[in-house]
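Listed below are the residues making up each chain.
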Amino acid sequence: MPEKILEVRDLVTQVATSTGPKTVVDGLSFDLHRGETLCIAGESGSGKSMTSLSIMGLLPQPMAKVAGGKVLLRGDDLLKLPERAMRDIRGNKIAMIFQEPMTSLNPVLTIGRQLGEAISTHDPMPGSKVRSRALAVLKQVRISEPEKRLKQYPHELSGGMRQRVMIAMALACNPDVLIADEPTTALDVTIQAQILGLMRDLQRDTGTAIILITHDMGVVAEMADRVIVMNQGKAVESGSVTDVFEAPADPYTRGLLAAVPRLGAMTGIDGPASTNGNALVRGMARPLVTVRDLTVRFDIRGGLLQRVQKRVHAVENVSFDIFPGETLSIVGESGCGKSTTGRALMNLLPWQGEVVIDGKEIDAQSRLQTKSVRRNVQMIFQDPYASLDPRMTVGELVAEPLVIHGLAHGSELQDRVEYLFNRVGLPVDAAKRHPHEFSGGQRQRVCIARALSLSPKVIIADESVSALDVSVQAQVLELLGELQAESGISYLFISHDMAVVEQISHRVAVMYMGQVVEIGPRRAVFENPQHPYTKKLMSAVPIPDPRKRREHFSLITGEIPSPVHGLDYQPDYADLTQIGAQHFVARSAIKSAA
Amino acid sequence: GEGSITVTYKDDVSTLDPAIGYDWQNWSMIKSLFDGLMDYKPGTTELVPDLATDYTVSDDGMTYTFMLRKGVKFHNGREFKASDVKYTLDRVVNPKTQSPGAGFFDTIKGFDTASAGEADGLDGIEVVDDYTVKFTLKQPDAAFLHKMALNFAHIVPKEAVDEWGQDFGKHPVGTGAFMLDEWTLGQRLVFKANPQYHIAGIPKLDSIVVEVGQEPVVALLRLQRGEVDIAGDGIPPAKFLEVMNDPEYKDLVVSGEQLHTGYVTLNTKIPPFDNVKVRQAVNMAVNKDRIVRVINGRAVPANQPLPPLMPGYNTDYKGYAFDPNKAKELLAEAGYEDGVATTLFVANTDPQPRIAQAIQQDLASIGMKVEIKSLAQANVIAAGGEADQAPMIWSGGMAWIADFPDPSNFYGPILGCGGAVPGGWNWSWYCNEELDAEASKADAMADPSQAEARIDLWRDIFTKVMDDAPWVPVFNEQRYTIRSPRLVAEDAILVDPVHIPVHYDYIAVK
Amino acid sequence: MIAYILRRVLQAALILLGVSVVTYALLYMLPADPARQIAGRSATAETVANIREQLGLNLPFYEQYLRYLGNLLQGDFGRSYLQKTEVGELIAARLPATLLLMAGAIFCELLLGLTAGAIGAIKRNTSVDRTLMVVSFVGVSAPQFVVGILMLYLFAVVLGWFPIGGYGTFSHLVLPSVSMGFLGAGWYSRMMRSSMLDVLRQDYVRTARAKGLGRARVFFVHAFPNALLPIIAMIGIDIGMFMSGIVVVESVFGWPGIGQLAWQAIQRVDIPIIMGVTLVSACAIVLGNLLADLVVPLIDPRIKLR
Amino acid sequence: MGMLVLAELVKRKLALLGLIIIVIIAGSALLAPWIAPYDPQNQMFDGLTIEGAPMPPSMQFLLGTDLLGRDLLSRLMYGAQTSLIIGVVANGTAVMIGALVGVIAGFFQGWIGTILMRVTDLMMAFPALLLAIVLAALFKPSLWIVAMVIAMVNWVQVARVIYTETRSLSEREFIEAEWAIGASRFRILFKHMLPHLLSTMVVWATLGIATTVLLEATLSYLGVGVQPPTPSWGNIIFENQTYFTSAPWLVFIPGVAIILLALAFNLVGDALRDILDPTQKGRH
Ligand SMILES: Nc1ncnc2c1ncn2[C@@H]1O[C@H](COP(=O)(O)OP(=O)(O)OP(=O)(O)O)[C@@H](O)[C@H]1O
Ligand SMILES: Nc1ncnc2c1ncn2[C@@H]1O[C@H](COP(=O)(O)OP(=O)(O)OP(=O)(O)O)[C@@H](O)[C@H]1O
Ligand SMILES: [Mg+2]
Ligand SMILES: [Mg+2]
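Protein chains in written order, with our numbering: chain A, 2 to 595; chain B, 3 to 512; chain C, 1270 to 1575; chain D, 572 to 855.
Hints were generated in silico from the structure; no laboratory data involved.
A couple of the hints might just be wrong.
Said to hold, decoys possible - Computed list of chain C residues with no C-beta within reach of chain A, every gap over 12 Å:
| # | residue |
| --- | --- |
| 1 | Leu1299 |
| 2 | Leu1324 |
| 3 | Gly1357 |
| 4 | Asn1394 |
| 5 | Leu1419 |
| 6 | Phe1439 |
| 7 | Val1487 |
| 8 | Ala1492 |
| 9 | Asn1495 |
| 10 | Leu1556 |
Unchecked claim - Coverage of chain A stretches by chain C, computed from C-beta distances (three or more under 8 Å per stretch; other residues unrestricted):
| # | segment |
| --- | --- |
| 11 | 49-63 |
| 12 | 119-128 |
| 13 | 436-448 |
Think of the CB as a built atom: it goes at the ideal place given N, C-alpha and C, for glycine as much as any other residue.
Work out the full structure: start from the sequences and follow the hints.
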């Protein structure tokens, strides 16, 4: 066994709350060896970040403090070191990468400056040497045009590039231990794949021991040598990655793994999971929603007279149908126009094109759509907390659409609200409480109840489960499926998570740069992806199975280009050609996708 | 001259153009920069020729002939001539000059056309030769010689006025004892002695530094530290007692009288003051002694419009004695037994609002409910100039300080019918045709032999005015000048009744 | 960038135009009649009428205003009614004093305010922090005339450390600057404290610490410039407060700036001066804000001027 | 909610101090007719020395007398009425106007919003004090006029703040969600936005009182404020300011009173800001 570098023993970390100290890391112990990757997994709030901050001595002051235990780095107890000595450890012996590449770099300093600082702090050297070393590490993290990057500011880089810079900074002094706290959570899957691949390659070259913190079991399976699963501050399971995945001892771990959606789990099945895999029998039904040539552009103004100078081509000529009882999913990476499509259907922003819902054409001009049309489409948003007025009780919130549309009042209203609460699995007495008194999953149930209250024919669900922990996510997905089975409601399901989409959809549309590049039955798209972008997307998804680990991420490179163009820009429209039953793929346009 | 002194003022010096300057601060500066045909003997109100060596008056009092002093040089080196006299007065009455003093010269022949801009100059001024100038009047004017001593009649050289145009006031050129050396707007002015001044040995100083923007209290503190020689705004009320009770400073203070009366105007056009009984009642109700106490005894209670120093002051007149009970009775007789409400306007600079409040309390005791409007001076003046705006005005801060020591100056604009017009200064809107006629008669008594009789007539006029009680004369303010110990001058010079605060030409330093 | 500046200047010009209309209209409505004041107390009605005509005061409002505006566009603020001097000249003569005072006050504000705020944030919830915060609360609560008179009394009259008012040397500048800066220092320290607390919680500060940087470096290089950003916008707004403050502070200390000029003019309703000072102040405010907006991108590269 | 907020306030030492000061000052203002030792307008004969100087603090006149021989303590108590009335009325009006302008401009964008915001920009460019002085001179000051003048000058900041807040509020997801369920403009404005703006308004209502009290004092100090003999803390100082060396109590006692009152409102307002704005939680 390689040399033991870090040893954590009985670590207890507490945070001060209004009701007294709360233990958030509770007697955690583990060892870390040279060249090893230890994953700490667990759901939100389980204490993963607190653990890493405790080790680094960077707990938020004065709320949190280490209440007991030892953190031994090659035998020295870090917890006993004075701040001065700890500074020599940080960045030098133990380096750290944080979750949010967007906010973890100082916005007012150049990359070169921030990187140079990391180098010269622990190893004072003349400026020119610092520069060449900085350049060297940037090259090491395989960033494009490294010389140029040195002079750039963080906001000029994409998320993936920033995370590369963070890694470069962490590796600048060849640390013994690298702690990466959710380093890829904020990134798109393709970028995530690139970063994970990079970390693996670098580890191979330098032998740095990595503590990788993540809630994504796919990432764990991909990266870990050993795994610790945390729940409520305690390690409930630990062991080698294959042991944990194949023979989880703890019930919590088992539940967790069971809830994780796996890409490929539906291979060979036609319909979504909720229908036991049965495909929708469409028959002669007319489409419930018809969207033709939907285009949304945002103006960017500037110049002397604030004239439109550029446009964001958020959605370009998107067409699709949704049939009664069907779930159509839109997938694609950040910024590709998924949400904009959904919001345009809700008439929440100005759009062009043609939309027919349940036989009624929608007027793109009026923001205040006729109420009757509005009743047929409802929306569930990504962040359930943000989409509920925090000052109202959830009872009022669920009743509100009914009141607005004058559908019920008095005891009838009461009954209806009660029914809805029951339907989404919330206790009826919860109606008097405010949104902040609920958990994330419960809040999303409130949102669903609210959307259901008008008995819409179609619900647009925009990343409605992305913010939830996997176990909760599974429950909500199940609820959505049940509702569909019961009432034949249609969903437009917007998500970037391929595994979830696979589970829930009848049909899938893949969006890239504001256009649909591939659309078809879920099975056809997932099992026989035709467009290069779809392929790339599929291959980037980490599979929560340590045996299916990818050794090379070589397929996945490149960044997504910007959708901002000048006024005279004429987009190349994707020419969708049919290649199978209802399966359409863009052939000529958007070649850069691959 | 030798040495330099520092004088401070709170407000800016606005202009040094003698045709325009009419402020407390610039009045005596202009006097030191320019000379008129006439002047007063330093420290007194006695008229003497200045740029004139002599003058004659025709028997009908309609023609004045001045013989001019020879060899007097303007600061620019040119000799002063008779044509300058004519130019100066033509300029003052020319409406383009916008001189606030133009009206003083309304008795000169040709004034009407000249001041209306219809004629280029005054017909009544004739340049006889370089050293003789003759004035023809349209009516006898007993105060004419005083007017020739006014700043507005101080002689300016045409070429300098032409050169600087509207900015002549910033670049004054005169014949006076001092000339302007430096002027930093808003900060300081430096005057230096005129070596060619026509009176030998004058001025006694080398230079005078005037610093503006200095609060009176600050000025006094600086004077106590020896940084300032004369506090131009006098001893501030806040420091008065302190200074007067301090043996160290007591000797530095010189007091004197000035031609000032502080009064309350009662608008005879607005009820209840359209009733003479009410006006008399108010006269009896105001406790002047207490008001004088409130301003720390820096004044003497007054009972008539004229200040004691003014010829024509009636020493026998007792006025309305303080008698609130009698006042109440009078008010009842006038039909206001249940009291009456009215408004008192006052300028909003200390101590005026305080005095107004003292008056307010006095009137409250006889059942008059007085509301105070404490406004910027300009707004008070504007209100006074409208017949129906200001029932009462306390004149403090804008009060009448005589332009020249002659009783006529206290009548026309402020008590005569001529002033009771929109925009006028007769804020009582008091117009007694009979008295106006008497006033014209008095003004026509220009013959020196009639001087005595003329003064008697004026005395009579002002006593009769008090019967109608359009004013409440409250007090005559005393002058208190404090100077630094190193400054030497006779007391009379330090409280010169014409040059305020001091007669710069006659002071010296140790 | 150029387009941005041009647009902002255009906007500023429009605002100034608005300010001039409103002020002119307000002053037009003032009850005092300038012609009468100029004419003096011995003037006849004809003289007054004549002067009114000369000054164009008998014209309808809009014509008067357009005349004024026309002159203004040629850089002519008109002539003071009572001082008979070019208003531009009067303002120019006094502006340096006001600018000096402003510079002194801003210096005091920033020095005291930023230091106190930063110390408060670093030592948050200690007695040092609490004391500083109470002092800055007093700062924002104390009227400038009270502070001014108090300082004058204490440091000039009683202790004699500084001259009692006046203008000229550095020691003259100290008390007025401090009296004027005290209020702003209070604001800045409170803003700085919360801004700094905000920044110290940011991820990039944690990153900097994770790199093993020393406290001073984390503070000055990473936290300080970021904490400064919201404060720069404040400095722009501050200029408006200054313009109000100078009227009071200059009169307490006898400082020969445009505040005193304005105050004297208001007392005597010398309309051209009031107009001029108002416009100059409005200019300063608008310029201050523009400048602040232009400075921010120099520190913060994320902000692009469009 | 009111009680809860109060309970929170009382928990904070500084806010409690502020509350106590406000209660004392408001109490003495309200009870002045009964507890003030003298009539505030009575120019007492024995209130001045024979020479006419004011009396320093003594057993007879606890805080001394002013230049007209009136009892300073009584005048301060009645002056508190003025300050508080102006503070509450003027600032209340300012908050109302500001909130109205801000909400309308922020919520109904388009030409109405543009016009309102341009007007606000215009007002921002005015030197506030100068404007107030001119307005006060124009309307001949009285208690209510002064209050209105102050309101005219002070609404601008409120409008700015409310505008920004309305704008950011209308970007919030829950407002979008309301649009999505078909809520009308007015429902969104009154049921969903206003309650969120209320806390800002409450904070400004308190913090603004401090500013207002100071502005009134400054106007009075410059002699264009509340008319004598009605006492206001500002005009007490104005009347007596030149006496700061010979009768310092006449200047510094009211000066301290003004500072204390403004301080108290600032302390309470600041605490309210913390309490009412959950995102600010944990800052102190
Ligand atoms: N500053 C803080 N003050 C109080 N409690 C805190 C603070 N930071 C974290 N906590 C609490 O500590 C617990 C552990 O938090 P931690 O951030 O370690 O969770 P995590 O496992 O990293 O979750 P996530 O996946 O959401 O990042 C949580 O219950 C959280 O509420
Ligand atoms: N209001 C707006 N103004 C300008 N640009 C916008 C606006 N809303 C969205 N965009 C731009 O339109 C593009 C599409 O955005 P959209 O939110 O639809 O992406 P998305 O696919 O939902 O991404 P994500 O997964 O990050 O939610 C992006 O480039 C985005 O920056
Ligand atoms: Mg975490
Ligand atoms: Mg989205």
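Outcome of the hint check:
The beta carbon of Leu1299 of chain C sits about 38 Å from the closest Cβ of chain A, which is more than 12 Å, so the claim that it is off the interface holds. No Cβ of chain A comes within 12 Å of the Cβ of Leu1324 of chain C; the nearest lies about 39 Å off, and the non-interface call holds. With a least CB separation of 30 Å from chain A, Gly1357 of chain C remains clear of the 12 Å interface cut-off, as annotated. Residue-level check failed: Asn1394 of chain C sits 7 Å from the nearest beta carbon of chain A, not beyond 12 Å.
With a least beta-carbon separation of about 37 Å from chain A, Leu1419 of chain C lies farther than 12 Å from that chain, consistent with its non-interface assignment. Interface exclusion of Phe1439 of chain C from chain A stands, the closest Cβ pair being 35 Å apart, more than 12 Å. Annotated as non-interface, Val1487 of chain C brings its C-beta within 12 Å of a C-beta of chain A; the closest such distance is 10 Å. A beta-carbon of chain A comes within 12 Å of the beta-carbon of Ala1492 of chain C; the shortest separation is about 9 Å.
Not every beta carbon of chain A lies more than 12 Å from that of Asn1495 of chain C, the smallest distance being close to 6 Å; the non-interface claim is violated. Every CB of chain A lies more than 12 Å from the CB of Leu1556 of chain C, the least distance being 19 Å, so the non-interface label holds. Using a Cβ-Cβ cut-off of 8 Å, 4 residues of the segment 49-63 of chain A lie near chain C, which meets the minimum of three, so the contact claim holds. Three residues within the 8 Å Cβ limit are the bar, and the segment 119-128 of chain A against chain C gives 3, so the coverage statement holds.
With 0 residues bearing a CB less than 8 Å from a CB of chain C, the segment 436-448 of chain A misses the requirement of three and the coverage assertion fails.
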